[in-house]
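Novice: So you can see what is in the structure, the chains are spelled out below.
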Amino acid sequence: MELNALYNQIIVENSRAPQNRRKVEDATIALEGVNPSCGDDIVLELRVKEGVIEDAGFTGDGCAISQASASLMIDLVKGRTVEDARELLHLFFGMIKGEVADETRLEELEDAVALQGVSHMPARVKCAVLAWHTLEEALDGKQPQELRL
Amino acid sequence: MNELQKQFPILTVPENGKRLIYLDNAATTQKPLSVLKAVEDYYRQDNANPHRGVYELGVRATDAHENARVAVARFLHAAPEELIFTQNTSEGLNLVAYSYGLEFLKAGDEIALSVAEHHSNLVPWQRVAKATGAKLVYFYPGPDGRLSEEELDRKITDRTRLVAIAQVSNVLGLEAPVASVVRRARAVGAVVVLDCAQSAPHLPVDVKALDVDFAAFSGHKLYAPMGVGALYGKKALLEKMPPFLSGGDMIASVHEQSVSYAEIPRCFEAGTRNVGGEVGLEAAIRFMDSLGWEQIQAHEKALTARALKGLAAIPHITVYGEPVPEERCGVISFNVDGVHPHDTATILDASGIAVRAGHHCAQPLMEFLGITACARASFAVYNTEEDVDAFLSSVEQVRRWMGLGT
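So the sequences go chain by chain: X and H. First residue of the first sequence: 1, per the working numbering; consecutive thereafter. First residue of the second sequence: 1001, per the working numbering; consecutive thereafter.
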């Protein structure tokens, strides 16, 4: 395993980047995403109006991969239509699964392409996709699960 | 590679092109050849369904099952009739929760347990509390990770009917004051359920001397195959408990509208058992006997002391629980400032070092400590000083990889 490919400058910097780590004013959707086996836990907030993701932010805690991934995803989808965002989600999942490796296509993912190294690391895939799955579920209208005893 | 390591086939195969340095022994241990061979021999030579066939092979399978029970009972200083084979610690604790907790606890009763419990010794009690109306009361450790006598006094009261506690925390690695817990439980008439998952691999467990009512452990954390473990229960309690799982082999006779159950412990062992695993567990106990507790403990304490001393010398490291090697059971949980433990574990993995990162199935303890996760290195008999030194030098590199200086 090449640590350089995984912990590249974009990921290391974005894992601590503050710009998307915030609550969203007048959010229309808030959804928690959790990796139960490891405790990565984020809350994604979106303001979606007339089919456009006007604003997005996240709060939470997790490894550098999950946190950088959330921030890079928000950079990518903010201001896009829901439809465009869904296409980008599928492209990202394709990259992480190793199914899409074509560089020209992956350019659409902008800086999120820095997470491609994860495609060779099954143990960290769930960290990389946490935010993206949460966004997918949020756009699908999934409701938060209630805590219970 | 030393002679002991050579007995573990997995340690002889490179991992990521490097020698495997396996420091996730608190999750599960690797298996020696003697255990692998015992399981294979059982299936090659003695396999049939125990307690069923009258043919010679069936008798050998029954003997394998019952001889393993005698060996495991002796390991815990229990009588064989008080020893129930389970899949693992979780199943043992669930058996107690369902067959004792649901049957004998009621609204207003209290279940006392430590906030440091593994989810296996916590979630079953949440379910018992919900079903019976009993209340969960938590012990909280002090800043050193220990339970004080005052805390036990405060929480074990006339309302306490059951105390569930791990003999050794799988995160902090410290031994719980079991004698103090049992003394107080006796005084108020509560039963004590001891989770030995993390203690049985590292120290002799004598259920009679401890005078606990139930004790559960997993084979796979002490060199045995996965899928086999045991539960000890005091005879007088087991005899008044209803079965947990029901079906084949746990009955005396069955009629259309009625049933009578087998004697203990068979009434708690429904269905075909994991006899291959039980034989493997017996072999694992023989393997530990061949080393002896004195050697096992001296070795693991020496490695723990070396690791704690080394970690103390590295800046930006937090170790959870008092760093006293003499009182630690081969477990060190830690974090590197500014770095999530998953990243720490991935960076160590690149050097062939396997450590656990996450909440260690102890989320309430994580919340109590004010963290979401930590990294954990844990030792077994086959680890060496060289392993510890490789671990320490890799930990030293973590912050640099994450762009946090040298």
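Any given hint could turn out to be false.
Think about it this way: if two alpha-carbon atoms lie no more than 20 angstroms apart in a straight line, the pair counts; the simulated SDA-like pairs of lysine to any residue are [unchecked claim]:
1) 142(X) / 34(X)
2) 1018(H) / 34(X)
3) 1018(H) / 3(X)
4) 1018(H) / 2(X)
5) 126(X) / 1372(H)
6) 1234(H) / 1074(H)
7) 1301(H) / 1249(H)
8) 1018(H) / 142(X)
9) 126(X) / 1250(H)
10) 1018(H) / 5(X)
11) 1018(H) / 100(X)
12) 126(X) / 1350(H)
Label-pair restraints from in silico Cβ distances [stated by the list, open to error]:
13) 144(X) / 1142(H): 33 to 41 angstroms
14) 99(X) / 1066(H): 48 to 56 angstroms
15) 8(X) / 1149(H): 49 to 57 angstroms
16) 5(X) / 1127(H): 55 to 63 angstroms
17) 4(X) / 1067(H): 52 to 60 angstroms
18) 1080(H) / 4(X): 50 to 58 angstroms
19) 13(X) / 1314(H): 20 to 28 angstroms
Just so you know, the hints here were simulated from the structure itself, not pulled from any lab data. Quick reminder that beta carbons are idealized off the backbone N, C-alpha and C, glycines included.
Novice: All hints, please: hold or fail.
Specialist: Each hint tested on the structure:
For a cut-off of 20 angstroms, the pair hint linking residue 142(X) to residue 34(X) stands: about 14 angstroms separates their Cα positions. Taken as a hint, the residue 1018(H) and residue 34(X) pair is broken in the structure, with Cα atoms around 33 angstroms apart against an allowance of 20 angstroms. A threshold of 20 angstroms between alpha carbons decides the hint, and for residue 1018(H) with residue 3(X) the separation of about 15 angstroms falls inside it, so the pair holds. Our distance criterion of 20 angstroms between C-alpha atoms is met by residue 1018(H) and residue 2(X), whose separation comes to about 13 angstroms.
A hinted pair counts as satisfied when its Cα atoms are at most 20 angstroms apart, and residue 126(X) with residue 1372(H) qualifies at roughly 17 angstroms. The straight-line distance between the Cα atoms of residue 1234(H) and residue 1074(H) is roughly 15 angstroms, inside the 20 angstroms bound, and the hint therefore holds. At most 20 angstroms may separate the alpha-carbon atoms for a hinted pair to count; residue 1301(H) and residue 1249(H) exceed this at roughly 43 angstroms. A C-alpha spacing of about 44 angstroms is found between residue 1018(H) and residue 142(X), which places the hinted pair above 20 angstroms, so the restraint is violated.
Restraint check: the Cα-Cα separation between residue 126(X) and residue 1250(H) comes to about 42 angstroms, which exceeds 20 angstroms; the hinted pair is violated. For the given pair, residue 1018(H) sits about 19 angstroms from residue 5(X) by alpha-carbon distance, which is consistent with the 20 angstroms threshold. For the proposed pair residue 1018(H) and residue 100(X), the alpha carbon gap of about 30 angstroms is over 20 angstroms, so the pair is violated. At roughly 19 angstroms between alpha-carbon atoms, residue 126(X) and residue 1350(H) fall within 20 angstroms of each other, so this suggested pair holds.
Separation of residue 144(X) from residue 1142(H) is about 36 angstroms and conforms to the stated range, judged on CB atoms against 33 to 41 angstroms. Between residue 99(X) and residue 1066(H) the Cβ separation comes to about 53 angstroms, which falls inside the hinted range of 48 to 56 angstroms. For residue 8(X) paired with residue 1149(H), a C-beta distance near 52 angstroms keeps the hint of 49 to 57 angstroms intact. Between residue 5(X) and residue 1127(H), the C-beta spacing of about 45 angstroms breaks the proposed range 55 to 63 angstroms.
Residue 4(X) and residue 1067(H) have their C-beta atoms about 54 angstroms apart, which keeps the hinted 52 to 60 angstroms range intact. Roughly 57 angstroms separates the CB atoms of residue 1080(H) and residue 4(X), a value that falls within the hinted 50 to 58 angstroms. In this structure the supplied range 20 to 28 angstroms holds for residue 13(X) paired with residue 1314(H), their Cβ-Cβ distance being about 24 angstroms.
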